Structure formats: C-alpha cells, structure tokens
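Asks: Quick note, the sequences are listed as chains Y and P, same order.
Counting from 1, position 253 in the first sequence corresponds to residue 269 in our numbering; the numbering is continuous, with no gaps.
Counting from 1, position 9 in the second sequence corresponds to residue 83 in our numbering; the numbering is continuous, with no gaps.
Read the hints as simulated data drawn from the structure, not as lab findings.
One or more hints might be untrue.
To give an idea of the chain Y side of the interface with chain P (calculated C-beta under 7 Å), a few residues [what the hints assert, rightly or not]: (1) F187; (2) R207; (3) W697.
In this text the structure is predicted, and so the values were computed from the model without any measurement.
Where is the CB? At the ideal position from N, CA and C, for every residue including glycine.
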Amino acid sequence: MNNVSKQPWEKTARRRRLLMIALIFFTTLIASSYMADVLPHKGATPLELTIVIVFAALFAWISIGFWESLSGLYVLLRRYDRFTITRTVAGQELEIAPEARTAILVPVCNEDMARVCAGLKATYKSLEATGRLDCFDFFILSDTGNPDLWVAEEIAWYETCKELTAFDRVFYRHRRVNIKRKSGNIADFCRRWGRNYRYMIVFDADSVMAGTSLVRMAQMMEQNPRVGILQTSPLAANKESLIARVQQFSNHVYGPMFVAGLHFTQLGDSHFWGHNAIIRIAPFMEHCGLPQLPGKPPLGGEIMSHDFVEAAFMRKAGYEVWLAYDLGGSYEEVPPTLLEELKRDRRWCQGNMQHMRLLFAEGLFPAHRALFLHGAMAYVSALLWFLFLSLSTAEAIYEVVREPVYFPAGRSLFPQWPVWHPLWALTLLATTAIILFLPKLLSVLVILIKGRARQFGGAAGLLASVAVEVIFSTLFAPIRMLFHSKFVFVTLLGQQVGWGGQQRSDLGTTWGEALRFHWFGTAVAFVWAAVLYLVNRSFFWWNTPIFIPLLLSIPLSVWSSRAGMGRAFRRMSLFVIPEEIAMPPELEFLNSDLEQQQARRVVLPLPDEAGFARAVVDPQVNRLHRCLLRTGRKVAPSIAARRRELQDKALAMGPGSLSVKEKKELLYDSQCMEELHRRVWEAAGQVSAAQWGLASG
Amino acid sequence: MKNSSDTLPAKGAEASAQNQPGPSGPLLSDDWRLARERLMLYLELLRTPRQRADELAAEAIRQAGLETRPNPVSAAMRALRELLGEEKVRIASMPPLNRGAMVPVEIDRQPWWTFFKKHILRKK
Numbered sequence: 017m018n019n020v021s022k023q024p025w026e027k028t029a030r031r032r033r034l035l036m037i038a039l040i041f042f043t044t045l046i047a048s049s050y051m052a053d054v055l056p057h058k059g060a061t062p063l064e065l066t067i068v069i070v071f072a073a074l075f076a077w078i079s080i081g082f083w084e085s086l087s088g089l090y091v092l093l094r095r096y097d098r099f100t101i102t103r104t105v106a107g108q109e110l111e112i113a114p115e116a117r118t119a120i121l122v123p124v125c126n127e128d129m130a131r132v133c134a135g136l137k138a139t140y141k142s143l144e145a146t147g148r149l150d151c152f153d154f155f156i157l158s159d160t161g162n163p164d165l166w167v168a169e170e171i172a173w174y175e176t177c178k179e180l181t182a183f184d185r186v187f188y189r190h191r192r193v194n195i196k197r198k199s200g201n202i203a204d205f206c207r208r209w210g211r212n213y214r215y216m217i218v219f220d221a222d223s224v225m226a227g228t229s230l231v232r233m234a235q236m237m238e239q240n241p242r243v244g245i246l247q248t249s250p251l252a253a254n255k256e257s258l259i260a261r262v263q264q265f266s267n268h269v270y271g272p273m274f275v276a277g278l279h280f281t282q283l284g285d286s287h288f289w290g291h292n293a294i295i296r297i298a299p300f301m302e303h304c305g306l307p308q309l310p311g312k313p314p315l316g317g318e319i320m321s322h323d324f325v326e327a328a329f330m331r332k333a334g335y336e337v338w339l340a341y342d343l344g345g346s347y348e349e350v351p352p353t354l355l356e357e358l359k360r361d362r363r364w365c366q367g368n369m370q371h372m373r374l375l376f377a378e379g380l381f382p383a384h385r386a387l388f389l390h391g392a393m394a395y396v397s398a399l400l401w402f403l404f405l406s407l408s409t410a411e412a413i414y415e416v417v418r419e420p421v422y423f424p425a426g427r428s429l430f431p432q433w434p435v436w437h438p439l440w441a442l443t444l445l446a447t448t449a450i451i452l453f454l455p456k457l458l459s460v461l462v463i464l465i466k467g468r469a470r471q472f473g474g475a476a477g478l479l480a481s482v483a484v485e486v487i488f489s490t491l492f493a494p495i496r497m498l499f500h501s502k503f504v505f506v507t508l509l510g511q512q513v514g515w516g517g518q519q520r521s522d523l524g525t526t527w528g529e530a531l532r533f534h535w536f537g538t539a540v541a542f543v544w545a546a547v548l549y550l551v552n553r554s555f556f557w558w559n560t561p562i563f564i565p566l567l568l569s570i571p572l573s574v575w576s577s578r579a580g581m582g583r584a585f586r587r588m589s590l591f592v593i594p595e596e597i598a599m600p601p602e603l604e605f606l607n608s609d610l611e612q613q614q615a616r617r618v619v620l621p622l623p624d625e626a627g628f629a630r631a632v633v634d635p636q637v638n639r640l641h642r643c644l645l646r647t648g649r650k651v652a653p654s655i656a657a658r659r660r661e662l663q664d665k666a667l668a669m670g671p672g673s674l675s676v677k678e679k680k681e682l683l684y685d686s687q688c689m690e691e692l693h694r695r696v697w698e699a700a701g702q703v704s705a706a707q708w709g710l711a712s713g
Numbered sequence: 075m076k077n078s079s080d081t082l083p084a085k086g087a088e089a090s091a092q093n094q095p096g097p098s099g100p101l102l103s104d105d106w107r108l109a110r111e112r113l114m115l116y117l118e119l120l121r122t123p124r125q126r127a128d129e130l131a132a133e134a135i136r137q138a139g140l141e142t143r144p145n146p147v148s149a150a151m152r153a154l155r156e157l158l159g160e161e162k163v164r165i166a167s168m169p170p171l172n173r174g175a176m177v178p179v180e181i182d183r184q185p186w187w188t189f190f191k192k193h194i195l196r197k198k
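Construct the complete structure from the given sequences, taking the supplied hints into account.
Replies: Here's what the structure looks like:
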C-alpha cells in the first residue's frame, strides 16, 4: 500500500492544518508581545526575554486546545461532515461477511479479574444480542507476573466460559516472559493467531463496548479497505469517587467537542490511543512491529507508549488512521484517585518523552511527528509552567532587591521608570482565561442547543457542575503541574518507572499515602509563599491560586478520592453524566455481575488473593491449572530436587513462606502441583492443614 | 470456583458423622471424624451432591480402616482418591496455533546523518 494516490481528504487536511498553524501562531504572537509589555523592562533584560519565550511556548500550547475546540464546535454544529467515517456505513444492516473475522483482545497485567471478566461478559452479551457473535472471538492475553493473580485469571476465565457456554469463543493465554509489555503481548497474539482473523479490536482491562458499535467498526473497516486503524472515542463512566466523577463529567461535556476538533484537523492521520480501536491485522503484522530504541531506559530500550508509534507506522505504510468521533457505545474507566492518575501519568510521561527520539525518523508523516511532539508537550508544558512561575518569582524578587537605575549611561531626555501596569496584567490574565475556559462554555452551549441538558441532570445542574468543575480543575492544576514537572525532570535524568497493574477500584487514598506523595509539594509551596510574602507582597497575592491548592494538596487528594464524596455531589445533581440518568445495558450488566460475584459463597477460608494456595488445595482449580500448563516437559534432576525441597517448605511452613519466584516455579510444574495437592490433603497435622485453609471446625 | 446450591456446607459433615459407622465402631473417634470432615470438604469442593458425598466418604473410611495402623486422614484421602479415580479432562484455553511473522521494522531515526554518511563521506 506504500505508493498510493492522494485522497481527497489529504488536500482538505493540509488546508485545515495550515489554517490551524496560522491561528496558533498569530494568537501566540499577540499574547507574547503583550506579555513583554506587561513586564517592567518590556522584555529587554535576559531574564524577561526568557520569561517571554517560555510564555510564548505555553500560550501556543493552550492555543492548540482552544482552536481545536473551536473547530470541534464547527464540526458539531454543522449538520453534515463529508469526512466522518461513520457515514460510510450509515443506514446499513448489521451484517458482516463471514470471512471478516475479528478478535477482541483484552490484554491484562496483574488486574482485578472480576472486573475484567464482568466487562468481557457485558460486551459478549451485547454482541450476542446483535446476532453477529459468530464473527468475533475473545482473547484474554495475560502478562501477569503475580502467581496468585495468574491462578485467579485461570479461574475467572473458566467461570466466564462456563457461564457463557463459550469455551470455543473466549480464550485465555498466559505469557511467561513479558517482552515489550503490552505491545509485545499484542504482537505475540498476532504471531500465534493473527492469521485467523482480519481485524482485532484492542481493549483495555476496563473497556466495555456495545455490540452494535463493534459490528459497525468491523463494517467500516470492510467498507474502507484503506483504513488500517479506526479509533473510537471512549466515554468515561462507572466510577464513583469525586475526582473520577469530575473527570467523567469533563469527558462527557468537553470531550465530544475536543475529539471533533481533532478529527477536523487530523482526518485520516489520526490518533491511536491503544484501546477501544479496531486494527487491520495483516498490515499491522507487516509494518507495525516495534523496534528497540538504542540506549537504556527511560529514553531508550522498549517503546513504552506503543500506540502513537503504531499509528505512525501504519500511516507510513500507506494505510489511514481515522477517529470515529461520533460512534457511541465505547466506554472506559478513569483512575479513581489523584494518586492513581499521577502514577498512570508517570508512565505516559516516560512513553511520550521516548517518542521524541522518533521525531525525525525517516518516512513518517508530518502529522504524526506533530502528534509525537503534542504528546511530549502534554507533560513538558508542566515543566515550562513551573519554569515560568519560577522565573517570574525571580524577576519579582530581583525588582525589589536591586537598586533602580533611573538614569542609565548614555544620553536621555527623561529618567527611566520601571513601570508595571496591573491593568495590562489583568487583561493578559483575562485573555488567558478566555483561551482556557471559553471552550468549556461552548461545549455547554452545544449541549443546550442539541437539547441534551436533561441527560446531565438539567440545564441548571449542568451549568452548576461546569462552574464547580472549573474550580476543581483550577485547584488540581498546580498539583498536577508540580508532579508532571517532576516526572519530566526525572525522566530526563534517566530514572525509569515500573509498569505494573493499576488500582481501578474506588478504594480511596489514605491520609498516610497522601502525606507520602504530597509533602514535598506542600513544603515547596510553603517556602515559596513565605519568601514572596516577605519580599514582594503584591506578587504574592497574584500567585495565591498556585500556593493555596499546593498547600491543600493532602486533604484535596484524600477527599477527592472518596466514593462517598462523589455520591454526595451526585445527590446535589452535580457532575451527572448521561450513563447515570439512563444506564446503557452493557454497564448495567457489568455492575450487576460484579455484585453477584461479591455475593458468591466461598467454601475454602482463603483470601481472594491467595491464588497459589487455591491452586494447590482446591481440586478443581488444581486440575484446571494443570490442564492449562504445557505438558510433557522433563526437568533436570537438580531442578526436580529443588522443587521437591520447595514442596517440603510449602508443606511445613504454608504458602506464605514461598517467594513469588518460588510460587511461580511450582506453578509451572504440573507434576509438582499434583503432588503438593495430594500431600496437603493427606497432611494429618492440624497446624499444617490450617495454613492451607483446611482447618477443622 | 463457584458453588452450586446442591453442595454441602463445610460444617454439615460433623453432624452427619455422628451416625456413620467407621473403623472403630458406630461412633467415630476424633481422628476418624477429622478424616471424615476432610473428605467431606474435598467432595464439597468437587461439588459432589450431598448424598453421593456421604456415600463416598463412608466407603473411603471403611476402606481406610482396612489398612494396618493407618493414619486416618492420609489413608482416608488415599482411599477417596482411589474411589474417585483420575478423571481425564482436557480443557484448552487457546485455539490451535496458526503461526505468522511479525518482525520489528527497521527505522532510520537520523536520516540526515545517514544521507551525510552515504553521499558526502563516501565521495570523500
């Protein structure tokens, strides 16, 4: 597909992108020159010049969001969009050719399998209702390293298949070596079974999709053979903590206009966000195998944020990448706490920074280079903001402590007064606020015009929610800024991050955790505020919107993580989303299934996380686990002897005495597991039996 | 794994054990009662219906009692496993392999340097 003729959308996209660049450039130029005027020396000193340059970069960054939102408004209010990809299948029956088989992939890594399988079942049932289930298979692709969770996955898969009677449609694969993490997991699927399918739809562990949307996605791919990746715009739903509800609300209110704006400029050069998207497998296998970057992590080694790179490679190969911004029925969940969000951001930050090493790679389309830059700027902008505040503080202190020079060397008619105009500064602040907040108001306008206010709890509730959301985002912005700055900084210093599982349940943040994570920000804010208060009090007041949230970051982090707070706001009709007014059947099924799973009676008094012990003790789990292992492998006598010693240790001291590595070693050996099962049940000692949950009543 | 409603509660074994004949007479000694509880728990985990579980446990205890100086729990569990036999179950969690290739693409991250090396340095 490499040498293909130009498509009509490409010309339009070029025009639109040029317009966008011009708008961003001129807005930034005007704002930056205004900024220079606001400064006492009109940007003439090196410090002020640096401030103006950093301000220009920041203003350009927020202008991108502003102009993208305005173009989104244009797309949403216009009744006809000739480039929307969903138009190609509008009005068609839900039919797919039998040979267009699609695999739905659910990559998991140390996840809560009750939630994963509930989402899978909800999607399965919804797909079944369309009558097109026969064209789809499901794969749970596990990269789980925790042996207890590995066993839990096997049990969950078995129960799911039994419940759905779907042993021939829902598959499970556990990977021993997690090479290249998620991208390697998907590539492993492609190598093993990719040839059986024409498409794959990649899920996240918390994804849920409506059956009709899945069928439509496959139809769009069939209809448009040039499309290599089709991304949906997932809606955030199903969380109850306050911060998650705020994010869900923002995603529903501001998201549609923003993604429509992305579609306006990107067209067939769009994003791939790594999940809730359909991919044409053959070109993906041929052109999207990710290379290793030279050097060591964090900026070298395996490519962590694979999605952007895969989209760029797909496009390089001549296939298009589209965003189905108006296709509904695609859901995901947001992190339930600020700390979880920041942990995720740390991984994303490292991944996006890595993309900068591919910025000039040969053959990539300019639009995808821009996406690499955009992704990195999402985090670098925080560091720039921090730098801007630091430089401004330095300037404010410098202006106070230095001796003013009214008569500089050289001839001059008048003395030079370093003048600072608060009104000008207020005007600049107001302009920045418009750039930041006008898109939010316009998003509300679109909802009101389209008569969708009732889906958000009514017009009054919607407006009140937006007002409170603005306060929330203003409060959280400095906290996020400080953390993101730190992430960029430590990534550049060469510190790597782990890539483990995420906590997705609404458990909340404890005061201890919040203190551990936020003490540094609180201390920085305290010192910063104290110095400014003593040295330059007027500048101190200007910076209170930065200091106050940082000083309050510990209670803000704890309170916003609480599901009770989220529910209290719900009772006040705040942050209501359409899925809370009329829950889609898929989410309804998901929630009721989770409730049912919690209500199930447990025979063995073993905690849920004791997967290894369960695999040893429970005869059915033991048999299931042994069935799923590779068979017929003989081990060296020395290894067999070591495993016998591990068995003895486990039997004498219980499962808790084994390390993760030791548990895994035993779990990989079918014969060992069978023997250990037998020996545990035949153990006469009460103490030993009790360690395995076999205590006598 | 999920429990069905037709299985025994774990402690139900104790009450029914009182009336079971065992190796040492109509009432079981402590050791044999413990063995019977273990058997009933095992059968419950296998989701064996209650009546069938009672029968199997009684038979396993009877057979275990025939051993000379048996350890009740070990002997009873061995006997039960003999009675149950090893059920040959084949569960496949993955479809048959259909291998294909997916190799990492080679990318030139510094095309200007490659160009320089290829065209400028070579000429020199």
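Asks: None of the hints should be skipped; say for each whether it holds.
Replies: Now for the hints, and whether the structure bears them out:
no.: 1; hint: F187; result: holds, 5 Å
no.: 2; hint: R207; result: holds, 5 Å
no.: 3; hint: W697; result: holds, 5 Å
The structure meets every hint from the earlier list without exception.
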